[in-house]
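Novice: Letter by letter, the chains look like this.
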Amino acid sequence: MHHTSSMALTILLSFMAAIALTMVSLPEWAISYRPAWIPLVVIYWTMALPQIMGVGLAWFLGLYMDAAQGTLLGQHAIGYAITAYISIRLHQRIRIHPLSQQTIAVGLMLLPSMSITLWVKGIQGQAPDTWLYWAPIFTSMIVWPWVFLFLRWLRRNAGRSRQI
Amino acid sequence: MKPLFSFGPSLTAKLIIFTIISIGLMTIDHRFDSLYPVRSVLSLIVHPMQSFVDLPVKASRWLSENLTTRQQLLKDNRKLRSQQMLQNARLQKLSSLGQENIRLRELLTSASRFKEERVSIAELLSVDLDPYKQQVVISKGDIDGVYVGQPLLDANGVMGQITHVNAVSATALLISDPSHALPVQISRNGMRTLVVGTGKADTLSLRHIPASGDIQNGDIVNTSGLGGRFPPNYPVAQINHIERPPGKPFAIVTAKPFAHLDRSREVLLVWQKSTLATTLASGK
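Chains as they are written, first to last, in my numbering: chain U, 362 to 525; chain W, 1040 to 1323.
Honestly, the hints are just simulated from the structure, not real lab data. This structure is a prediction, so every number in the text was calculated from the model and none was measured. Please note that a few of the clues may not be correct.
[Unchecked claim] Quick list of in silico lysine-lysine cross-link-like pairs, PhoX-like style, CA-CA up to 20 Å:
no.: 1; chain 1: W; residue 1: 1172; chain 2: W; residue 2: 1239
no.: 2; chain 1: W; residue 1: 1295; chain 2: W; residue 2: 1239
no.: 3; chain 1: U; residue 1: 482; chain 2: W; residue 2: 1239
no.: 4; chain 1: W; residue 1: 1172; chain 2: W; residue 2: 1295
no.: 5; chain 1: W; residue 1: 1172; chain 2: U; residue 2: 482
Take the sequences, apply the hints, and build the full model.
Specialist: Pasting the structure below:
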């Protein structure tokens, strides 16, 4: 049913879109509220295709983002790897829940990686001194339904165009 | 080499391995410079993405420039010409002041510090980096001669320094980042101090000013040239708040940077021959 190469391409494109959304320049007031696009996409693919999307892929993606964002190498990597791990562990339980409950689960899944990132920043002496640091959890929860529906639509249509 | 696993590692094992690797990487990256080449390699795939994200902003700017009316362009042209004439007049004065400075220093038998520095313009990419670290990406890199530690200014003052150089782009740390300390001098009385970022684009903190220090609101702060990173006498900030808490040995002093750290689109890169701190005039 799925052509693996077109699925891999779909996954790649979805990550590229998430990376672009993470990098795009936002006005000053909006920066703290940016949803955690990449972890959300990681969570979706670990739930949908755990055989392709695993802890390793998430880790390398994090390393890429460390280079892209100017953070310590390994900072985002460990965050995404932990998110992927939690998501893979829980994916069978989360998949069957209605979207509203999934949203809360997603918010909770982002907590550990954000806490670890906060800790790492604190060690570097760069701990943000504002509660807004946690704002992305809430905005990510708000966008999750759309991310989920869009990626599911993409996944279901990935092999379709080949069959024409 | 002993194989680590007899068959595929379990999920938890994978996580533990990656955690250990991450901690190792972060520690090395934080303490040493050895991971610089790793970043450079990663930048080969990072930079295309950054350029891609910057493209729409660049395109819209190009579009708005090309759609300006001829009238507006003529007006802008006239304004820029008269501005340039005024700047040239000021530069003439600067040049003669520089000569006078050299002569005076020779009289005091102190080494001259007035040097012409090579400057070039670069553009900032419209890309957001980590929100809690004040960094920017510029569109010039190794092929343009950019080097690590190179000072970055905008039209109004000092902005920061280059921290990582790729082939065609570079990352710079701004002076507003809390991990950046800039050696400066109060222009009114020559008092030397450090300016450290606070994480906010409009506030810098001056360190180690004794409570009895001679410092006033409105004082201009320039680079002192100490440390050899930044050339001396470039404007940095203006002091806007002084607090002398009773019983504390140091004053709390903040300043507003001249550079538009959050708004500048074009920046200047300064090349300087490696000047170590030169001898200072006697009798200070």
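Novice: Take the hints in turn and mark each one as holding or not.
Specialist: Here is what the structure says about each hint:
no.	hint	in the structure
1	W:1172 <-> W:1239	holds (10 Å)
2	W:1295 <-> W:1239	holds (10 Å)
3	U:482 <-> W:1239	holds (17 Å)
4	W:1172 <-> W:1295	holds (18 Å)
5	W:1172 <-> U:482	holds (10 Å)
No hint from the list above goes unmet by this structure.
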